[in-house]
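Participant: Residue numbers (this note's numbering), protein chains in the order written: chain E, 1 to 269; chain C, 1 to 295.
Hint data in this document are derived by calculation from the structure and do not stem from the laboratory.
Note that beta-carbon positions come from the ideal geometry of N, C-alpha and C, so glycine has one too.
Take the hints with a grain of salt, since some may be wrong.
Covered by chain C, according to a simulated footprint, are these stretches of chain E (three or more residues, beta-carbon under 8 Å) [claimed, not checked]:
#, stretch
1, 63–75
2, 100–112
3, 118–129
4, 224–238
Dumping the calculated EDC-like pairs for lysine to aspartate or glutamate here, alpha-carbon to alpha-carbon at most 16 Å [stated by the list, open to error]:
#, chain 1, residue 1, chain 2, residue 2
5, E, Lys213, E, Asp135
6, E, Lys25, E, Asp91
7, E, Lys122, E, Asp135
8, E, Lys97, E, Glu78
9, E, Lys40, E, Glu242
10, E, Lys122, C, Glu171
11, E, Lys48, E, Glu214
12, E, Lys131, C, Glu55
13, E, Lys129, C, Glu193
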Amino acid sequence: MHTNEISMLINEQIESISTNHNIVKINNLNVYADSHQILKNINLTIPKNKITVLLGPSGCGKTTLLKSMNKLTDLYKELKVTGNIFIEDDDILHTTKNVPSIRQKMGLLGQRPFPLPMSIYKNISYGIKLKGIRDKKLIAFSVEKYLKEVGLWEEVKNRLNQPATSLSIGQQQRLCLARGLAVKPRIILADEPTSALDPISSKIIENLFRSLKEHYTIILVTHVLRQAVRLADHVVFMYNGEVIEQGSPNTLFNTPKTQKLKEYLVDGN
Amino acid sequence: MLLKRIISDKLSGVWMLISLTAILLIPLFIIAGLYLKSTPLFNHQDFLRLISSSEWQPHKGNFGFWPFIAGSLYVTIIAFALAAPVCLLAAIYLTQFARSAMMRIMLPVIDILAGLPSVIYGVWGILIVVPFISKILAPAFNINTSGYTIFAGGVVLAVMCIPYMLNMIIEVFNTIPMGLKEASLSLGATFWESIKHVVIRKSYPGIISAFGLGIAKAFGETMAVMMVVGNSVQVKFNPFEAGYPLPALIANNYGEMLSIPLYDSALMFGAFLLLIIILLINLIFRYFIYRTRVH
């Protein structure tokens, strides 16, 4: 392993355990799709090393909010984003830093798994290589480490060169999680990651989130109330492009302040 | 009532089966028909000699098809070399970079280009490509030529194939889910890296399929190529020489000179050969598609 690569890894670990309480701060965020406003004046903070659940009915803007955080909204030319999103005090909407390095701070897990069209091994090594790491031993070490972290190593260690699409959907979703972790993000953005999975695979992913929050901040989009109750340390309730309420799950679920949340909790149950 | 519905259900299945069988049988009938019509020639000359000989002297009973096979291959290779990168890059631009308004404008234009009769491309070739080659391009290499060359055939064929292949590649790129590109970007890839490593890679089978169909179409194209290629029976590897592709041989001569013994059989053999080569091209591309899907 090269010295500079080792020092890079150490620096990343040090950065990841820095002690800023809120890792994401969003001020006056608005997202427009042509004349339609998808997100309306969003103001919220995401606590570090916690699971923050973005809760709300379909179409309320949860996914757009998530995609704004790693600038995937740039892909959609019809979207216009205004406001500020501070990730570790860096305003990513107005920063001069390059976008790929911003995105590497946030691992993305989609509604359904999207394994890259390559082998299981290369799915993990892809992001590592994009970070400039070329040492084959270090890459192999990382591949094994992150596949173990998501509990997939034993299932795939003898077929690492097979296409990632040969895995089951549940395995593919864990592979995608491992792939995201391999670029050492600070935050995991999970957009309804269990919606396409069977109950057993869903439970595995939920358990993984519980163990991962020790090292990562997890922002989970869901409209499944029970999942939010099971996992959330912090809840943000959204409705029609607005943040209606946010706070601890106990407060929000037991003493909702707004009529919309009350109705959602009643309908959701 | 129920009985009527059941009978109708069964009958619809039968009709579909008949249609499918007809589709499958037609190529077999064509192959069999062409083969049977070619047999008098096989009795006169063996197959290997027919496809490898360059002697084309129908009056003396010499039917060497190599100049026509070589002409077809050469024109097709030039057309493919010119059209494939253009199609790929244009499809990438239209699907990945351009605004949706541009796509809305371009798609009907591409459809119109794909639907133009080949004779129009041929006339364009005579008016623009042939003079360009004879007056500008060939003189730049110190070559004197009339412009009616293999290269002219290749250029015209490339222009003809571009809308056809482009349409298919655009369709392929449009099937790639946005989530896949987002996954690559979120791992820190740039936009171009995501296209190169993910979008194009995922599209390999479709791209190869589009190229295969494009080549097969180019190989069998007759009219436009015939109008600009010079139609001279010779094997020359200089693209500024005239050539004589296989379809042009059939189109130019069928119905004429049938008084020459075995001539009609030779032309049928030409058609048979054309069919077999196109089938081979398709099989080769099928194999490539299979390989990319496996890996």
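Participant: Let me make sure I understand: some of the numbered hints might not hold for this structure. Which ones are they, in numerical order?
Facilitator: Failing hints, ascending: 4, 5, 8, 10, 12.
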